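2 protein chains.
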Amino acid sequence: MNENIEMEQQFDLLRQLLHADKMNEFREMFLEWHLYEQGQFYFTLDEKERLRLYTYLSPKETADMFDVIEEDHEDMKDYLSEMAPRYVADMLSEMYADNAADILNQLDKEEALKYLSLMTSENVNRIKVLIGYEDKTAGAIMTTEYVSIVANQTIRSALNLLRKKATQAEIIYYIYVVDSHNHLEGIISLRDLLLNREDMLISEMMEERVISVDVTEDQEDVAKTIRDYDFLAVPVVNSRKELLGIITVDDIIDVIDDEAASDYSGLAGVDVEAIAETPLKASIKRLPWLITLLFLGMSTATLISHYEVLINEASILAVFISLITGTAGNAGTQSLAVAVRKLAISDDKDMSFAKLIISEVLTGLITGCVTGLVIFIVVGFWKNNFILGFVIGIAMLCAITVANLAGSFIPILMEKIGFDPAVASGPFITTLSDLTSVLIYFNIASLFMGFFIGT
Amino acid sequence: MNENIEMEQQFDLLRQLLHADKMNEFREMFLEWHLYEQGQFYFTLDEKERLRLYTYLSPKETADMFDVIEEDHEDMKDYLSEMAPRYVADMLSEMYADNAADILNQLDKEEALKYLSLMTSENVNRIKVLIGYEDKTAGAIMTTEYVSIVANQTIRSALNLLRKKATQAEIIYYIYVVDSHNHLEGIISLRDLLLNREDMLISEMMEERVISVDVTEDQEDVAKTIRDYDFLAVPVVNSRKELLGIITVDDIIDVIDDEAASDYSGLAGVDVEAIAETPLKASIKRLPWLITLLFLGMSTATLISHYEVLINEASILAVFISLITGTAGNAGTQSLAVAVRKLAISDDKDMSFAKLIISEVLTGLITGCVTGLVIFIVVGFWKNNFILGFVIGIAMLCAITVANLAGSFIPILMEKIGFDPAVASGPFITTLSDLTSVLIYFNIASLFMGFFIGT
Numbered sequence: 035m036n037e038n039i040e041m042e043q044q045f046d047l048l049r050q051l052l053h054a055d056k057m058n059e060f061r062e063m064f065l066e067w068h069l070y071e072q073g074q075f076y077f078t079l080d081e082k083e084r085l086r087l088y089t090y091l092s093p094k095e096t097a098d099m100f101d102v103i104e105e106d107h108e109d110m111k112d113y114l115s116e117m118a119p120r121y122v123a124d125m126l127s128e129m130y131a132d133n134a135a136d137i138l139n140q141l142d143k144e145e146a147l148k149y150l151s152l153m154t155s156e157n158v159n160r161i162k163v164l165i166g167y168e169d170k171t172a173g174a175i176m177t178t179e180y181v182s183i184v185a186n187q188t189i190r191s192a193l194n195l196l197r198k199k200a201t202q203a204e205i206i207y208y209i210y211v212v213d214s215h216n217h218l219e220g221i222i223s224l225r226d227l228l229l230n231r232e233d234m235l236i237s238e239m240m241e242e243r244v245i246s247v248d249v250t251e252d253q254e255d256v257a258k259t260i261r262d263y264d265f266l267a268v269p270v271v272n273s274r275k276e277l278l279g280i281i282t283v284d285d286i287i288d289v290i291d292d293e294a295a296s297d298y299s300g301l302a303g304v305d306v307e308a309i310a311e312t313p314l315k316a317s318i319k320r321l322p323w324l325i326t327l328l329f330l331g332m333s334t335a336t337l338i339s340h341y342e343v344l345i346n347e348a349s350i351l352a353v354f355i356s357l358i359t360g361t362a363g364n365a366g367t368q369s370l371a372v373a374v375r376k377l378a379i380s381d382d383k384d385m386s387f388a389k390l391i392i393s394e395v396l397t398g399l400i401t402g403c404v405t406g407l408v409i410f411i412v413v414g415f416w417k418n419n420f421i422l423g424f425v426i427g428i429a430m431l432c433a434i435t436v437a438n439l440a441g442s443f444i445p446i447l448m449e450k451i452g453f454d455p456a457v458a459s460g461p462f463i464t465t466l467s468d469l470t471s472v473l474i475y476f477n478i479a480s481l482f483m484g485f486f487i488g489t
Numbered sequence: 035m036n037e038n039i040e041m042e043q044q045f046d047l048l049r050q051l052l053h054a055d056k057m058n059e060f061r062e063m064f065l066e067w068h069l070y071e072q073g074q075f076y077f078t079l080d081e082k083e084r085l086r087l088y089t090y091l092s093p094k095e096t097a098d099m100f101d102v103i104e105e106d107h108e109d110m111k112d113y114l115s116e117m118a119p120r121y122v123a124d125m126l127s128e129m130y131a132d133n134a135a136d137i138l139n140q141l142d143k144e145e146a147l148k149y150l151s152l153m154t155s156e157n158v159n160r161i162k163v164l165i166g167y168e169d170k171t172a173g174a175i176m177t178t179e180y181v182s183i184v185a186n187q188t189i190r191s192a193l194n195l196l197r198k199k200a201t202q203a204e205i206i207y208y209i210y211v212v213d214s215h216n217h218l219e220g221i222i223s224l225r226d227l228l229l230n231r232e233d234m235l236i237s238e239m240m241e242e243r244v245i246s247v248d249v250t251e252d253q254e255d256v257a258k259t260i261r262d263y264d265f266l267a268v269p270v271v272n273s274r275k276e277l278l279g280i281i282t283v284d285d286i287i288d289v290i291d292d293e294a295a296s297d298y299s300g301l302a303g304v305d306v307e308a309i310a311e312t313p314l315k316a317s318i319k320r321l322p323w324l325i326t327l328l329f330l331g332m333s334t335a336t337l338i339s340h341y342e343v344l345i346n347e348a349s350i351l352a353v354f355i356s357l358i359t360g361t362a363g364n365a366g367t368q369s370l371a372v373a374v375r376k377l378a379i380s381d382d383k384d385m386s387f388a389k390l391i392i393s394e395v396l397t398g399l400i401t402g403c404v405t406g407l408v409i410f411i412v413v414g415f416w417k418n419n420f421i422l423g424f425v426i427g428i429a430m431l432c433a434i435t436v437a438n439l440a441g442s443f444i445p446i447l448m449e450k451i452g453f454d455p456a457v458a459s460g461p462f463i464t465t466l467s468d469l470t471s472v473l474i475y476f477n478i479a480s481l482f483m484g485f486f487i488g489t
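Chains as they are written, first to last, in my numbering: chain A, 35 to 489; chain B, 35 to 489.
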């Protein structure tokens, strides 16, 4: 809290230096900050202020800042269009290749080509190999700035090489050992280099069991590997086991964050990532779901409409519609969340789907029995009508069981046909279970029709 | 896929070696594996097999494996009780202090003391300082195994110290600079040590602006710091700025995972982390929510019950109950998810709550108008009754707006009174919005009573 206030005061001071055009004082203060803080300050500036900032900072200095902030901000495009093309090209050349590729991927092809044409062929190649990998795969999030060596050299020469490469490499704490055709042969940590005699050969001490990920692998699986093995980075290879790049833990944290947000969004039927938006924009994003579900809800209304005669004769039935649909919807949402999670963390992609569904249905039967029994007693005493209580209780049991079936079956179905099961939303399940619950409820009530007429 | 099968075959082979009591062959194969894989194998063993494994492995070897797997498994307690107390004590001594403390925290006090009494006082102290910090704070997840130095020495002597400490330290890529009273003065990365002349003084090149976290800070805020700054570790200090420990990125990934799972669980009203459980156990966990919400749902039923006369006279009203409650519930769930997320990512703990609520209510008004208009037209034509359509449409508009109000207000209220807003569940909001929606619906319908009688 205190730190935040202090930071804001410093932001103000810095802004004053910018306005007074005191470049040297500004640079002295600004460059002392951590890159993330520089980025936070940058985001508070208006266009005029940013234009002056670009004249204060070298492309390299802006690049360093952009390396840290580009992950947090989807739209770097607008910032680029403010800068001189030459400045952008120099900045992209100085950025880590994976981040530069991310930004270029956001641009129109024409615009990207404009910047690439201003860069040296070496830099173009370095970045170009990272463009075009399918989104959300290992290739899309890897970087090529790693340190690799061949096995038949000493620790001393490896350390010298490391010193040479240390400024460019994104991470220097793992060194990858490759053969002359760039096949990944081993790995060695900087810790091991420091701990052993300098004349030892790399081949003698490298770890030959290297855990790597395939370049086409889903980013979620890469995240799982880094998390399980407690790695700081993991090498990326193609099908011929050639080393293509590495993925570092900071990028994996962003993947985990994004995936968690998207699971959460899926469950709620709304994109929670789009934060600083107006009510109008938010409405435009939420309405498709709401209207789609409204029409699904219309089916439920149509169904109830068929039973209007029944309601006319026993209006008491209407009293319990929302109780049954609501409770079944709650149970279905629980099933959905558990199923989505089980699908996400399961290593075995062929895990027994049948087993998961059976388990959820059994859970539905048990919770349904208990809930049904409770409502049987409550309604029986409240309305002094145990037959009505029985109807509500049985309907509740069936509705919950079916909701659990739907809640587990639908994400599994989506996984089977190649969709992300996390997209199956809670609102969809509750609206669907409204339909099945009403169907069950009125069918059971019809059977006991005689008892309600006139109540 | 292929790798999984291969791994299973290797597991089988290893198990055979264990059964045939071929210790040397077993050790040769087992110790070549990555610690995480050793752990996965360990989890497949039964008690008899594990008991033999302990005789094969030194406490240090088991400790290394436990360091990697303890995060993934809540209940290490049972495994410890299988081992000889001496073996446990030795193993805990060899583990990283934070992980050993985590395990000791799971034990009964008596049992923990039994093991501690068998350890050297140095090891006891190392672990003991980590026990007793409040759960989910920086103190609870930090480790004391970092490398610290004083400023007035050369890089050469720092590197020598590093070599000495490298085997114990959990991370050697940051070196923390402290004064004689252990106040944190600066930080230096191993990369910087390698890049500069060996006779340079630490004080000349250390970074003095150190980002640190307070020992009482919430683990989610620590995660945010590490994520934003792309750190591999962050130092932990007390209010006097004395260095107490560090938190490494691998522990932060577990924090992010846990928090995401708990947010997701909250939204669904079910603990999705408890995975390998029977339907009976699952039911016992889910029932409290279901039954609580059942009674909240009973209020809705009671409310409808008050309007039974109205329904008796215009049974068409019953047809649209679930449509209105369902749609309002969906909108409320969207609001809830957005509000919880905004509260979670906001740096400014005093962010304008009023602004968030107003934004959600405005969004409710807009989505409510559109949804209301759609349903007005649909119902108007369907039932050839535009007054009915008007009632449903207006009720929809009001119900959605109120649901958005509840969906944003309730998590804010929870945050205000010191609860985790993520606990506010979707099922709770939908059930609550059932109640408000029904109230709104029947009140509006009452106003137009005259038009429905007999329809």
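Just so you know, these hints were derived from the structure itself, not from any lab.
Just so we're clear, the structure is a prediction, and the values are computed from it rather than from any experiment.
Among these hints, one or two may not hold up.
The list cannot tell twin chains apart, which means a pair is met if one copy fits it or any two copies do.
Below, in silico cross-link-like pairs of lysine to any residue (SDA-like), each with a Cα-Cα straight-line distance of 25 Å or less [unchecked claim]:
hint : residue 1 : residue 2
1    : K198      : L218
2    : K111      : D264
3    : K199      : D226
4    : K198      : E238
5    : K275      : M63
6    : K56       : E307
7    : K258      : A294
8    : K389      : L447
9    : K450      : R86
10   : K111      : M63
11   : K258      : T188
12   : K450      : L481
13   : K258      : E307
14   : K319      : H217
15   : K275      : E71
16   : K275      : Y70
17   : K258      : M332
18   : K82       : E241
19   : K417      : D112
20   : K198      : E219
21   : K199      : D136
Structure-based check of each hint:
For a Cα distance limit of 25 Å, the shortest separation of K198 from L218 inside one copy, 21 Å, qualifies, whereas the shortest one across copies, 30 Å, does not. Proximity of K111 and D264 under a CA criterion of 25 Å is satisfied inter-copy only: 22 Å between copies versus 34 Å inside one chain copy. For the homomeric pair K199 and D226, the shortest alpha-carbon distances inside one copy (18 Å) and between copies (12 Å) are both at most 25 Å. In this assembly of identical chains, the alpha carbons of K198 and E238 lie at most 25 Å apart whether taken from the same copy (23 Å) or from different copies (22 Å).
For the identical chains of this complex, K275 and M63 are inter-copy neighbours only, at 23 Å across copies versus 47 Å inside a copy, given an alpha-carbon limit of 25 Å. Taking the closest pair of Cα atoms, K56 and E307 never come within 25 Å of each other, the shortest separation being 38 Å inside a single copy and 55 Å across copies. In this assembly of identical chains, the alpha carbons of K258 and A294 lie at most 25 Å apart whether taken from the same copy (13 Å) or from different copies (14 Å). For the homomeric pair K389 and L447, the shortest alpha-carbon distance inside one copy (14 Å) is at most 25 Å, but the shortest distance between copies (40 Å) is not.
Taking the shortest alpha-carbon separations for K450 and R86, neither the intra-copy value of 54 Å nor the inter-copy value of 41 Å comes in at or below 25 Å. For a Cα distance limit of 25 Å, the shortest separation of K111 from M63 qualifies neither inside one copy, at 27 Å, nor across copies, at 52 Å. For the identical chains of this complex, K258 and T188 are neighbours neither inside a copy (34 Å) nor across copies (40 Å), given an alpha-carbon limit of 25 Å. For a Cα distance limit of 25 Å, the shortest separation of K450 from L481 qualifies neither inside one copy, at 38 Å, nor across copies, at 50 Å.
With identical chains, the CA atoms of K258 and E307 are at most 25 Å apart both within one copy (22 Å) and between copies (16 Å). Proximity of K319 and H217 under a CA criterion of 25 Å is satisfied in neither setting, with 47 Å inside one chain copy and 51 Å between copies. In the homo-oligomer, the alpha carbons of K275 and E71 lie at most 25 Å apart only across protomers (21 Å), although the nearest pairing inside one protomer, at 40 Å, exceeds that limit. With identical chains, the CA atoms of K275 and Y70 are at most 25 Å apart between copies only, with a shortest distance of 22 Å across copies and 36 Å within one.
For the homomeric pair K258 and M332, neither the shortest alpha-carbon distance inside one copy (42 Å) nor that between copies (44 Å) is at most 25 Å. When the C-alpha separation of K82 and E241 is checked against a cutoff of 25 Å, the pair qualifies neither within a copy, at 53 Å, nor between copies, at 32 Å. In this assembly of identical chains, the alpha carbons of K417 and D112 never lie at most 25 Å apart, being 65 Å within a copy and 51 Å across copies at closest. Within a single copy, K198 and E219 get their C-alpha atoms as close as 22 Å, which meets the 25 Å cut-off; across copies the closest is 29 Å, which misses it.
Taking CA atoms no more than 25 Å apart as the test, K199 paired with D136 passes inside one copy only; the shortest distance there is 23 Å, against 39 Å between copies.
In summary, the numbered hints that this structure violates are 6, 9, 10, 11, 12, 14, 17, 18 and 19.
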